[in-house]
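Each protein sequence line maps, in turn, to chains W, P and A. Going left to right, the first sequence walks through residues 33 to 378 as the numbering used here numbers them. Going left to right, the second sequence walks through residues 4 to 343 as the numbering used here numbers them. Going left to right, the third sequence walks through residues 280 to 577 as the numbering used here numbers them.
Take these hints with a grain of salt, some might be off.
Within a straight-line C-alpha distance of at most 25 angstroms, the following computed SDA-like cross-link-like pairs (lysine to any residue) qualify [unchecked claim]:
1) K547(A) - A216(W)
2) K239(W) - P546(A)
3) K547(A) - T134(W)
4) K547(A) - G199(W)
5) K547(A) - F215(W)
6) K547(A) - G362(A)
7) K105(W) - E435(A)
8) K105(W) - L437(A)
9) K547(A) - V246(W)
10) K547(A) - L195(W)
11) K239(W) - S543(A)
12) K239(W) - G540(A)
13) K239(W) - G362(A)
14) K547(A) - Q320(W)
15) K547(A) - L222(W)
16) K547(A) - G323(W)
17) K114(W) - L132(W)
18) K119(W) - T134(W)
19) K547(A) - A224(W)
These aren't lab readings, by the way, just hints derived from the structure by calculation.
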Amino acid sequence: MSSVASAPLPAPRAGERAGALARLAASPMLRFLARRILVAIPVLWGVTFLTFVVINHLPGNAAQQLLGINATKVEVHQLSAKLGLDKPLLTRYGDWLHGLVTGSLGHSLASGQSVTSILGSDLPITFELLAFAFIISLGLAVPIALLAARRPYGVFDRLSMVLSMAGLSIANYILALVLVYFFAVNLNWLPALGWVPPGKSLGGNIKTLTLPAVSIAVSLLCFYTRLLRADLVQQLRSQDYVTTARAKGVGPWRIILHHVLRNSVFGLITAVALNLGTLLGVTVIIEQIFGLPGIGHELLSAINSRDIPVVEGAVFVFGLLVVLANLLADLLYATLDPRVKYGSAD
Amino acid sequence: MSANGRTEHGRPADGLLQVSDLRVDFRQGQHVVRAVDGLSYTVTRGRTMALIGESGSGKTVSSRAIIGLLPHTARVTGSIRFAGTELVGLSERRLRGYRGGEIAMVFQDPSRSLNPTIRIGPQITEAIHLHGSASRAQAHDRAVELMELVRLPAARQRFRQYPHQLSGGMRQRVMIAMALAAEPKLLIADEATTALDVTTQAQIMELLRDLQRRLGMALIMISHDLGLAASFADEVLVMYAGRGVEQAPTRELFANVRMPYTRALLGAIPRLQNPPHSPLAAVPGQPPDLAAQIPGCPFAPRCPDASDRCREAAPPFDEHEPQHRWACWHPCGVREVESA
Amino acid sequence: MAAPTELSVPGGLEPAIIVPPPAAAGRLGRLRALGGIWLPAFLVAAILFLCFLWPLIGPVSQPTGGTILNANLPSFSSGHLLGTDSTGNDEWSRLLYGGRASLEVAMAVTALGLVIGGLLGAFAGYVGGWRDSVIMRILDVLIAFPSLVLAVAIAERLGPGEVHAIWALSFFSVPAFARIARAATLRVREQNFIVAARLSGSGYLRTLLRHVAPNIFPELITFGLLGIGITVVLEGALSFLGLGIPAPAPSWGNMIAQGEGILSAQPKFVMLPSAALFITTVSFNLLGESLRARWSDR
Chain W
33 MSSVASAPLP APRAGERAGA LARLAASPML RFLARRILVA IPVLWGVTFL
83 TFVVINHLPG NAAQQLLGIN ATKVEVHQLS AKLGLDKPLL TRYGDWLHGL
133 VTGSLGHSLA SGQSVTSILG SDLPITFELL AFAFIISLGL AVPIALLAAR
183 RPYGVFDRLS MVLSMAGLSI ANYILALVLV YFFAVNLNWL PALGWVPPGK
233 SLGGNIKTLT LPAVSIAVSL LCFYTRLLRA DLVQQLRSQD YVTTARAKGV
283 GPWRIILHHV LRNSVFGLIT AVALNLGTLL GVTVIIEQIF GLPGIGHELL
333 SAINSRDIPV VEGAVFVFGL LVVLANLLAD LLYATLDPRV KYGSAD
Chain P
4 MSANGRTEHG RPADGLLQVS DLRVDFRQGQ HVVRAVDGLS YTVTRGRTMA
54 LIGESGSGKT VSSRAIIGLL PHTARVTGSI RFAGTELVGL SERRLRGYRG
104 GEIAMVFQDP SRSLNPTIRI GPQITEAIHL HGSASRAQAH DRAVELMELV
154 RLPAARQRFR QYPHQLSGGM RQRVMIAMAL AAEPKLLIAD EATTALDVTT
204 QAQIMELLRD LQRRLGMALI MISHDLGLAA SFADEVLVMY AGRGVEQAPT
254 RELFANVRMP YTRALLGAIP RLQNPPHSPL AAVPGQPPDL AAQIPGCPFA
304 PRCPDASDRC REAAPPFDEH EPQHRWACWH PCGVREVESA
Chain A
280 MAAPTELSVP GGLEPAIIVP PPAAAGRLGR LRALGGIWLP AFLVAAILFL
330 CFLWPLIGPV SQPTGGTILN ANLPSFSSGH LLGTDSTGND EWSRLLYGGR
380 ASLEVAMAVT ALGLVIGGLL GAFAGYVGGW RDSVIMRILD VLIAFPSLVL
430 AVAIAERLGP GEVHAIWALS FFSVPAFARI ARAATLRVRE QNFIVAARLS
480 GSGYLRTLLR HVAPNIFPEL ITFGLLGIGI TVVLEGALSF LGLGIPAPAP
530 SWGNMIAQGE GILSAQPKFV MLPSAALFIT TVSFNLLGES LRARWSDR
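Next comes chain W alone, as it looks inside the complex (with noise of 0.2 angstroms):
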């Protein structure tokens, strides 16, 4: 324990909001973030500069692609050294990285367009997707946790149970394809295909995302509810805390909603941050079956069309997200776990 936790007395409440800018600043916090982000940053040049190699040591460049098979070899020469094609590995990705740190992300290959504008377009539809998968999938796992955890093997909890093994082994795209052949091709209900901008029709956008969104949320929606299950049930087992409280009189809701909740919420909260960082490949193959013009969809034509400067941008930007997520992670571990401290190592 540091020497702050243990001091014996809190220091004088006056002035809360200016002392609580004072011990942030003065606090091991800062100087934690700070390290997790330098800690970041090797990461992410690895994974950029990994990309960079890999697409260029493809069979055939941009100018290839844009030009296709029947080009001749002065024709791709010549496009090639228009894009800059022909200069040397290292020195295309130190312009890359020259752009990166003074803001900008390149322009296209394929279209000339700039990166930032492509993601800027792509971006919002595949953060919409996932936004819609996390609330459906956290907004029902929290709940169905919490009813579980209340009566242990209980019938519901068995049932949530097998119910939540079985979603965990469904395939994503299978399931996208099933639920495809239900709603949209037999029922006919929601459409298989597209996307409609909100601007447009904001029912429309809804109807289009429910059965992608739903696609990946499922297995998401079985992992945190038996994580968090578990987690309640243990600690409503063995946690002495919990015995306190039911000797206080407090009830059986009010003690798992009060008490046990937020003791739990920890591993939710650190397998919410890292599933993130997963998610990309997920949107990519979801994007493709219902036709939704998101980041995957436009990262998987970008390599197929050698695009480099797309593809970095793309990998870059999730790979920040990723970043983000795990530091947004620590940050809320901090607020709810008062016993966090930063001084030691990860």
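With chain W's structure known, arrange chains P and A on it following the hints.
Positioned in the frame of chain W, the structure of chains P and A alone reads:
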């Protein structure tokens, strides 16, 4: 298990808590473990009763049975009358009204007994809100009052601290403040000082005694430490293998120990008078396996005075001398009882 | 007054009077909720038998090279239990051979992850310090590396195929196993018998192999079973995107992809391989989960 015998637990007029023939069974896979086996005692208003025994003697289980704080695998039979109400078989909802209300509990390990993610103040005000109506401000003031009552230094500032910011002794004071929130008639202190160092232990016990006098509470102190009981209890009940084996007012018990087990417990307390480097005494042997049903006296296998009779039939827990009950065929310092 | 709680009595007498209470009641039926360990074990055995042995010993036709004359036979046709596809191949035999391909990939990927990742993670966790940091940062890069870029790269550079799918997927299993092994090693490292082994002069490598490895192995194996379930799904995803096992050789992933085009007319060609994939994943997950529950119970 009627071999245990039942005594007349008198004085119903001033008996706040009357436990009679209490049994607690735990289902454990195929077999049943009887953790408490025909326990009877009475706690008088404003007095202190010490339940003494080793781990597994049933002292904690029997006290938790009073307010129904046992796991679902437990089955409680017998009678627990509190202020005229039968608590055994009472619904969970009604029991909850007693918990932390008229009957409060303090537990052994204060570092684990407080919720680590909730500030001290709200943990106390929760108990205030649960038993009686109070506004937020009133509850806050009352909590600070309680924290001052248990002599928690700088109570007002502590209100917003988390348990990990307090020392063990201070945490136990918070636990006590919480227990006192609804001015209970009976406070059960389950090894409340075991996890603390010796100085703090004494302070907490003094505090409990002082509070008990001021608030007129009855106190059940559960301990494995006969020495502690000698200093603070009015009456002592020694438990072994889920049964009462000796009970008397404290002075009487220490003057005239009858049960060899009590004697062994006393012998296990290291004393300053002992010559240096003399071996520490311990009660030889192990407590019996509660899942096995023993016909005779449960202490017989470890008892130096055990006879064949002890192994055949369990002695009744009877009031052999005024206010002094014991369960032994061969009590210490008494002429051999004629075999019936 | 000192309680005699923790005093041990010198002279080899009985321990002091406070002994641990009997094991707490109520650890009943923990595993029963998931059908115990036997149901998933049986399912896994049955799946392995059907995919690996039955095509060798049973009356199963070849999964490719069917004639157009037999195309689109309905289910329960004579000789074709589940009918045939649009090129006249027997669907039942494609399911079995497809499962074999998927499981081969999944098991190879898991084995590679288990051995390489397990050793890397155990080493990193055991030695600690800068070597730990370097290894873990490199693995972080691999985890953060977009799976798709890698899969496309391998498929296009080396051509799609079973072995290449194994390479691509191992880039995920190795870091995953390494993390598990590292966490387990960190837990084991501080335990007394490891410290004792080190103090008695056991070298790094020897301690790692003789003392650490056996203690983290059960956890890794359990995770491996879950890993097979996960990898079957991932391999399906690769083949579904056309980056895994190439048609006409069957795999559950490319069968689903082929069926997608005729989903509305003949859902059977999506549903059958999907169901096979689902049952396989459930079985491996259940087996891993019940083993894990058994371990964490100890």
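Right, here's what the structure says about each hint:
1. K547(A) - A216(W): holds, 16 angstroms
2. K239(W) - P546(A): The given pair, whose Cα atoms are some 23 angstroms apart, holds under the 25 angstroms limit.
3. K547(A) - T134(W): violated, 54 angstroms
4. K547(A) - G199(W): Between K547(A) and G199(W) the Cα gap is close to 21 angstroms, so the pair holds against 25 angstroms.
5. K547(A) - F215(W): The given pair, whose Cα atoms are some 17 angstroms apart, holds under the 25 angstroms limit.
6. K547(A) - G362(A): Roughly 10 angstroms separates the two Cα atoms, so the pair holds.
7. K105(W) - E435(A): holds, 21 angstroms
8. K105(W) - L437(A): holds, 24 angstroms
9. K547(A) - V246(W): With a Cα-Cα distance of about 22 angstroms, the restraint between K547(A) and V246(W) holds, given a limit of 25 angstroms.
10. K547(A) - L195(W): It holds: about 24 angstroms lies between the C-alpha atoms, which stays within 25 angstroms.
11. K239(W) - S543(A): holds, 20 angstroms
12. K239(W) - G540(A): Within the cut-off at roughly 22 angstroms; holds.
13. K239(W) - G362(A): violated, 36 angstroms
14. K547(A) - Q320(W): holds, 22 angstroms
15. K547(A) - L222(W): Holds, because 21 angstroms separates the two Cα atoms, which is no more than 25 angstroms.
16. K547(A) - G323(W): holds, 23 angstroms
17. K114(W) - L132(W): holds, 21 angstroms
18. K119(W) - T134(W): Holds, at about 21 angstroms.
19. K547(A) - A224(W): Given that 25 angstroms is the threshold and the Cα spacing comes to 18 angstroms, the pair holds.
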